[in-house]
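Residue numbers (our numbering), protein chains in the order written: chain U, 1 to 165; chain R, 166 to 819; chain G, 820 to 919.
For the record, the hints were derived by calculation from the structure and aren't laboratory data.
Each residue gets a CB set at the ideal place from its N, CA and C atoms; glycine is no exception.
One or more of the hints may lead you astray.
Not the full set, but computed from the structure, chain G residues with beta-carbon under 8 angstroms of chain R [as the list claims (entries may be wrong)]:
(1) 838
(2) 858
(3) 914
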Amino acid sequence: MTAVLFFLLAAVAVAAAVSLILQREPIHSALSLIVVMAALAGLYLLLGAEFISAVQIIVYAGAIMVLFIFVIMLLNAGVEERTQFSRMARYIGLPLAFVLGAGLVYWITRWTMGTASAASMGSVTRPLAMMLFQDYVFPFELTSILILIAIVGAVVLARREDERQ
Amino acid sequence: MFVLNHLWIIPLLPLLGAAVNGIFGRRWPHAVTNSIALGATGLSFVAVLELFREFTHLAPANIPWVQTYLPWIAAGGFRSDFSLQVDQLTMVMLLVVTGVGFVIHVYSTGYMAHEGGYARFFSYLNLFMFFMLVLVLGANYVVLFVGWEGVGLCSYLLIGFYFLRQSATNAGNKAFWVNRIGDFGFLLGMFLLFRTFGALDFAHVLPAAAGAPADAPGQFGTMTWIALLLLTGACGKSAQIPLYVWLPDAMEGPTPVSALIHAATMVTAGVYMVARSHVIFLHSPVAMTAVAGIGALTALFAATIGLVQTDIKKVLAYSTVSQLGYMFLACGVGAFSAGIFHLMTHAFFKGLLFLAAGSVIHATGGEQDMRKMGGLRKKIPWTYWTMLIGTLAIAGIPGFSGFFSKDEILAAAFTSSPYGSTLLWVVGVTTALLTSFYMFRLIFLTFFGSARYDEHEVHVHESPRNMLVPLVILAVLSVIGGWQAAPALWGGVNHFEHFLEPVFSTAAVVGEQMPSPKVPEAASLEFMLMLVAIGAAAIGLYVAWRMYIQRTGMPEKLAESLKAPYQLLSGKYFVDELYAAAIVRPLVWISRNVLWHVVDEQMIDGAVNGVADVSRHTGNTVRQTESGNTRSYAAWIVVGAIVFTSLLLWLAVR
Amino acid sequence: MVPVSYYVVLSAVLFGLGIIGFLFKRNIITMFMSIELMLNAVNLAFIAFSSVLGNLAGQVYVFFVIVVAAAEAAVGLAIVILIARNRKTLNVERVNLLKL
Chain U
1 MTAVLFFLLA
11 AVAVAAAVSL
21 ILQREPIHSA
31 LSLIVVMAAL
41 AGLYLLLGAE
51 FISAVQIIVY
61 AGAIMVLFIF
71 VIMLLNAGVE
81 ERTQFSRMAR
91 YIGLPLAFVL
101 GAGLVYWITR
111 WTMGTASAAS
121 MGSVTRPLAM
131 MLFQDYVFPF
141 ELTSILILIA
151 IVGAVVLARR
161 EDERQ
Chain R
166 MFVLNHLWII
176 PLLPLLGAAV
186 NGIFGRRWPH
196 AVTNSIALGA
206 TGLSFVAVLE
216 LFREFTHLAP
226 ANIPWVQTYL
236 PWIAAGGFRS
246 DFSLQVDQLT
256 MVMLLVVTGV
266 GFVIHVYSTG
276 YMAHEGGYAR
286 FFSYLNLFMF
296 FMLVLVLGAN
306 YVVLFVGWEG
316 VGLCSYLLIG
326 FYFLRQSATN
336 AGNKAFWVNR
346 IGDFGFLLGM
356 FLLFRTFGAL
366 DFAHVLPAAA
376 GAPADAPGQF
386 GTMTWIALLL
396 LTGACGKSAQ
406 IPLYVWLPDA
416 MEGPTPVSAL
426 IHAATMVTAG
436 VYMVARSHVI
446 FLHSPVAMTA
456 VAGIGALTAL
466 FAATIGLVQT
476 DIKKVLAYST
486 VSQLGYMFLA
496 CGVGAFSAGI
506 FHLMTHAFFK
516 GLLFLAAGSV
526 IHATGGEQDM
536 RKMGGLRKKI
546 PWTYWTMLIG
556 TLAIAGIPGF
566 SGFFSKDEIL
576 AAAFTSSPYG
586 STLLWVVGVT
596 TALLTSFYMF
606 RLIFLTFFGS
616 ARYDEHEVHV
626 HESPRNMLVP
636 LVILAVLSVI
646 GGWQAAPALW
656 GGVNHFEHFL
666 EPVFSTAAVV
676 GEQMPSPKVP
686 EAASLEFMLM
696 LVAIGAAAIG
706 LYVAWRMYIQ
716 RTGMPEKLAE
726 SLKAPYQLLS
736 GKYFVDELYA
746 AAIVRPLVWI
756 SRNVLWHVVD
766 EQMIDGAVNG
776 VADVSRHTGN
786 TVRQTESGNT
796 RSYAAWIVVG
806 AIVFTSLLLW
816 LAVR
Chain G
820 MVPVSYYVVL
830 SAVLFGLGII
840 GFLFKRNIIT
850 MFMSIELMLN
860 AVNLAFIAFS
870 SVLGNLAGQV
880 YVFFVIVVAA
890 AEAAVGLAIV
900 ILIARNRKTL
910 NVERVNLLKL
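Just chain U, with the same shape it has in the complex (with noise of 0.2 angstroms):
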């Protein structure tokens, strides 16, 4: 069972990112991004990640790509235009990646370190609060400055000149 449901899901996240970047409109792509992040939701819950699924929904694909969209939509940005490869990237960036790829597949699936599923983790939310405000509380509360800081940084960069009296 849980293997079907990851194939499906899998394809889904696949096709979805292969999507992402073949389409022209930017709009397009950003829609693709989002089905990429409920399929990877998907994926979560079934290796026992719920919190973690529900936080990818709500925030990752809920607001961050939502605030994309708006981004996308305020620059009104058109069609793109037919790519000219870089010759730096195709002769080099596309060969390299596929070789990493092939290459981490290789080495990836020469191991065999074990099953995973949803069971093996039991109820999560309760242990990952526990440890996020235990042992990881430092970290905790230095990314709720650096999101102080993003969003200081965000208003002041994108906002208007004024006219100096």
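Given chain U, put chains R and G in place with the hints provided.
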């Protein structure tokens, strides 16, 4: 004991004079410059006289008397100090240098009175005295070499004194360069000396060399190499074959310079050095033969060139080269004291001849070509008589100083064993004949006959007193200077040789293991040799008289009929041209094409510019990454990430 | 039961696709989204290993990654807006004022 304890006074006084005149002299009247220059040299001479007096009271055990002043080089096992020493040889040299030097200084005050650069001249002259005295007083080869180089420098400065004349500066350069070649040999010799004996002090080296084994005849052992290298230096400084070519050109300098440096003192430094190192030379039959051979050959060679020269100073220059050859010949057959004796008499009469020639030049208003002189006898009598005395001395007429010294050399060349030989003697006698001939030719051309110049243009006048008095002094010395070395034949005792005996007696000490150079001559043999020498001088005089007094058309006719030899001689055997073609041109070519274009421009500049170019190219290449093209940045980021990840993976899996 | 390596392979594939998108798209926003895709792929790997090892630290990391991605997206998009305002284009090749 004052001067003995303060030997430094002797060289330092002229140095002070040189410094003061050099820095301030330009603004002073001539009288002040004179007093400083003459005072320095004169005081130095007085000090030497006093030194001589003290020296005669020194116990023999204290001779050589060494004074060490300052440590100089102390590197590893090598030690060399600023030390001065006095022994009999030094004494003779000191007297000659300061005495004749002072006289020539006095002469110069008259000769240079109307020339520019007066103070500079005397500054250089005093500087020369300083270096020459350092050379002679040095207690080790290093100090000697300092003086050696210094007199070379002063020679350059003084030859090129009229530096606005291209020929003068060329002559100065030539003197310096040719000397340099000799100096290089001298340095190599010093290095070899140090390597063999571990020190360069005379006090260490000479006794050590005396005890060292001698080289066999024909063997090129260590001693031979040392001696030959030292000989190279002496040939450069004393203008022997093949390094004599600078001396005739050195006549570009003022005449007092020619007298002092290129007749009386600097050129004799080579002979002095050979005499000082006689122990080393005596250990090497090859070197002795070389010295004698070079000396004899040079004497004859230069004399032949002197036969046809028309410039009065050039005749004297070649004559100097020839007489230096005699001195070398003497040293080469082992008669070192005879060589030094001739050095002394030569200083007297050659100095006199040059100064008198200067007087003639001064009288004729700068004319140096003998073909444009004539009949000056009555007009400048003092000059005439003193010059005649000098000529009689150099020709070896009995009674004059040159006769005694030359005769002694010729006798040694004939009788000395094993280095003397009949061949050397024949060469010596032939040279004596030629010497007599060209010197009397000079006298006859200059002072006799009718005036071959325009008597309205040139007003011949006698020189002032400050030029004539030195002439007289040197004339007197040219006459009496030889008497204290009268040969036993004539009932005299050879005081000179006796005086120098302690210095050269090591020759006798070594004599146990090696053939002794001097063999007592039978009285009749000596008498006959003397007669032959006198005869040669007389023949030369007679032929000159015939050609230049009796039948004045003869020289031209002879030159016509013997055209080829005449041209060879008047072209100085084309040695200068030979050197220019064989040595100078290739060197200049190498310098220009190899060293300049290849080494300097391509290699060195190329290396330096190459470093800059490498930097530039590297910068250019790295610049590609900063293209401003965001997408290539992106690509580089990915590449970097992939490389990094791969590295990590690989490390993890290993 | 799905072996964990399948999850990791999927993560790798998504990551590679993200790289491709990053290199070959010319719209800045699309490039940005490719980066987000890469982050998501990494998150998947974290969760997968966390599940296998039974260690919750992986999920904590993912948590933080999401937070940082949010902050980064905010600031990045602000910059994108600025670029778009200044250069009047979203074509990254036109953003080349640093070129010589």
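These are the hints, each one checked on the structure:
1. Contact between residue 838 of chain G and chain R, as hinted, is supported at the beta carbon level, the nearest pair being about 6 angstroms apart and thus within 8 angstroms.
2. At its closest, the beta carbon of residue 858 of chain G sits 13 angstroms from a beta carbon of chain R; the interface hint therefore is violated under the 8 angstroms criterion.
3. Satisfaction of the interface hint for residue 914 of chain G is found here, the shortest Cβ-Cβ separation to chain R being roughly 5 angstroms, below the 8 angstroms cut-off.
Hint compliance for this structure: hint 2 is the single one not met.
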